[in-house]
Amino acid sequence: MQKNENWPKPSSRMTGLFADLQLFPEALGVALNKDYVTRFDLEEELSRRVHGVTLVERESPRRWSDLIRELRYFGWIKVIDTYHKPTDDARHKITEEGVKVYSLWKKEETEFLRLLTIKMHNQYVIPGWFVQRLWDINPERGGEVVMPNPLREEKFLPRKWDEKAWTEDLKKATRSTYESIESNCPGSFPIEENIWLSQVEDAWKRLSNLRRREVSRPSGNSGKEKEKVKTYAPRGRLAQAMTEASVKLLFGTQPPNIDRDDFLMRKEPISPRLYSAWCPRLEALELIFYTDAHLMIPGRLLFPTSVFRESTPPDFQKINLKNPKGNTLCLYQPTWKSLKENFFETLYKEHHKVSARVGSLYAPLLDVRDEVCRQLRLSANLFDNFLLVAIKESLMPKSRFSISVETDVREDQRMAYRILRRPVWLHGTPYSLIAMTEYRDK
Amino acid sequence: MTTPLFRKPTYTKESSDSIYNKLGFTRNPFPSKPSVVIGSPNPVENGSIYLESLHEEERRRFEQLLIPNPEKPTGRTIAFLMDYATPRGRGIGKTSFLFHQSKRIMTDLGYELSKGLQVIFGVYVLPVSGDETKFWQFTKLLIDALVDKSVVATAIWRLRAFTGAVPENVLAEVGDEPEKTIGNDQWLSEKGIDTFMLLPHVMERKLGELGIAPNLVKALSLYGGSPLEFRKHYLSRISNVEWRKEGGKILFEDLVKVFIAAGFNKGVFLCDGVERIIQAQNAKERRDFAESVRYFFIDGQCENTRASFYSLLLTLHPYSQELLSPHWIASGLDRFATLSGGQEADYTVYVHPLTQESANSLAIAYLDAARIEDSKNGIIAPFTKRGLDGALVAANRVPGKFLNLLNLAIEKAIEMGWETIDSDQIRIVIEARGKIESDKQDSQDALPPSQIDLRK
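Just so you know, the sequences run in chain order L and V.
When the letters of the first sequence are read in order and numbered with this note's numbering, they come out as residues 8 to 449.
When the letters of the second sequence are read in order and numbered with this note's numbering, they come out as residues 25 to 480.
The hints are simulated quantities; they were obtained by calculation from the structure and are not laboratory data.
Incorrect hints may appear among the rest.
[Stated by the list, open to error] Only some residues are given here: those of chain V computed to face chain L with a beta carbon under 7 Å:
id: 1; residue: P28
id: 2; residue: L29
id: 3; residue: I404
id: 4; residue: P406
id: 5; residue: S474
id: 6; residue: Q475
id: 7; residue: D477
id: 8; residue: L478
id: 9; residue: R479
[What the hints assert, rightly or not] Think about it this way: if two alpha-carbon atoms lie no more than 27 Å apart in a straight line, the pair counts; the simulated DSS-like pairs of lysine-lysine are:
id: 10; chain 1: L; residue 1: K405; chain 2: L; residue 2: K356
id: 11; chain 1: V; residue 1: K480; chain 2: L; residue 2: K325
id: 12; chain 1: L; residue 1: K178; chain 2: L; residue 2: K237
id: 13; chain 1: L; residue 1: K162; chain 2: L; residue 2: K107
id: 14; chain 1: V; residue 1: K242; chain 2: L; residue 2: K347
id: 15; chain 1: L; residue 1: K167; chain 2: L; residue 2: K179
id: 16; chain 1: V; residue 1: K308; chain 2: L; residue 2: K167
id: 17; chain 1: V; residue 1: K480; chain 2: L; residue 2: K332
id: 18; chain 1: L; residue 1: K237; chain 2: V; residue 2: K242
id: 19; chain 1: L; residue 1: K162; chain 2: V; residue 2: K256
id: 20; chain 1: L; residue 1: K344; chain 2: V; residue 2: K480
id: 21; chain 1: L; residue 1: K329; chain 2: V; residue 2: K308
id: 22; chain 1: V; residue 1: K256; chain 2: V; residue 2: K242
id: 23; chain 1: L; residue 1: K356; chain 2: V; residue 2: K480
Remember, predicted model here, so these are calculated numbers, not experimental data.
C-beta atoms are modelled at their ideal positions from N, C-alpha and C, and glycine is treated no differently.
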């Protein structure tokens, strides 16, 4: 094993758990106009945020200390009272670098994101490492990786809290997820079935023996005391167990089936909690794309939209960030001109497939987006940009296609975690339906 | 006439020089909508072109379950009509089947069906989606159907005859259109019957003996003979509050007494689209619904249960079956009509998809109804056998879709000048209809690899 095959040890693992990267520049904006900021100022000014298609009135307090800490790590703010050890509660002041970064964001948002990528990588090492790991897991299919979840059609009945046994039907559900991934997206979960089953079982048992949550009584309602949770949904717990197991199996110190330590340390590079925070962050940085809603995949489908290469070919953007082999990270950023034909074709084909499934011309745009992005290895951001151009071009007199988009919030976007699914933003409006037809020659 | 204000349409649907003459038809023989619209003036769409033999098995089953006959004097109180094959349920012919059965019963009041044993009425009921989530609304729907389909009026006409208020020689002149004779006060007056005083008086005394609500007695004796009048003077004046309180009594107590007095001994509600009720209900309403069905149809304290008068045929979609089942069981209805658990077959009329032969005869029935020359009846031209078979498979053996596809084929034939429609032509029609439907059958293979390889 050669020394230069290792990633550097991260200088910190205290990653913020929020996904909304716009908070960084916005917080700098707040700091710019004040002598100093505290996390309470940020909470005051930035609290109302849009998550997916829902508005969150008040973020958790944890977010603001995370934000302060990360800005300090990046050197964009610093503590005023230097005689104290820096804490997240302290008063902070924007640095010169922070001012520069803020004006960069104002001028060129993508450039800011690239800078943030480097900052984050230098601090946590996860961004570059994660991309490399995806490529290590499934080089055959361009880094496509599936983080399993129970099949959508699987039915579970609620269970009493005390029924925590690892039963045959749970095992069967775990196995059928595995089989479905094997047949639909081969190679994206290269773990032996037995290992998979036993890891999920372990995770299940750990989760089942956690202390029972208490439901606090509703505020302003004089009534019962705190109540203990009496039942639980096995699907949720099994899904959590699967995520825990797969983070451990796929994103451990060694890539699956490769005898090589990525870091010179024993500790797992990311925990399941950090994994779920990093996915949306890396997606926003345009390093990867992921979706939880791909109909053929039980679970989360991830793939990189960037790659480590020796040189930067056209259609790629170089990020000043190297892997242990000395290759540079390149973001796939094709120009509209080079992609146009392919984009229209793929969009038309996928729209057609999805609309055949739902049976109406207006098809769920997000499903179309996910598959187009997978086919063309586009980031969600690029897709939004290209779709906007495509719609404009479709209005031209000689256009082959006619495209129309609608904003109705679909029923499936209103449920559970799906409200957090990234919408397609065009001119600041989230769209959810697309119709596309081809003009036929007479 | 110069102003367009008073212009009248000169277009008639079956003008003699229609484009369909080329193929020997007066119009497109097939329906453009793949569903039946009851009461539509267009014979192609209103379900009146009906092929008896198509649903022979279902008909037998229907009679066996619901119609009392010499071998089995009591029918089931509740039965179901379901699609035999779930994924192709739509347009399989449930509506036209139900409508036709109600028509069959009403032509001779069940004489033929019960082998002369019984006097029966059958009413086709179609709920409006979301409007009838409560049982009292369902009750109102049933009463509306009884009035609109002239069942109440028929009972009154029969009573007029039985009370002796109308003399025998007048009764002999009633004929095939009772609503214009015994149901029409003017006609009766012409025949010398006092419709102002005597007839209502006799009726009122007769109905009064039954022990039913006085205002209903009055309304029936004065206006019962005419559905429109009865609606105007009685039904439309009942408020929703009264419906909720009294609806059950009117339908299951008072009207049952009236019907029995009028010599009926069975009433069948043929209820289409029950899923529209079930799916709009919340859990509590579903439970209430099932409980009320049990009370009013099976073993509650009302005239209907004592006389086992009404029967209910519910058309269910498989999904509603799943929704309703727990409440059905909880209210104990599964002992009387099992909805789930494998024994539902005993209570269910299954509607089967088309076979090759029945499809041909169905097509012929429609073609014949539109032919210019009767001599050509009974053949499938301009279609070929292969053409029809192709269309049948493409339509998943569902009659509604099948007929709709044939409609498109005829249109295309006119447009393209085809003289025969073979499987090739059918294929062109299907393709022209858009690839959407044919693609649906695609099997799920593995996810295709991405088009772009970032390493190249």
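So which of those numbered hints doesn't the model satisfy? Numbers 1, 2, 3, 4, 13, 14, 18, 19, 21 - these are the hints that the structure violates, sorted from lowest upward.
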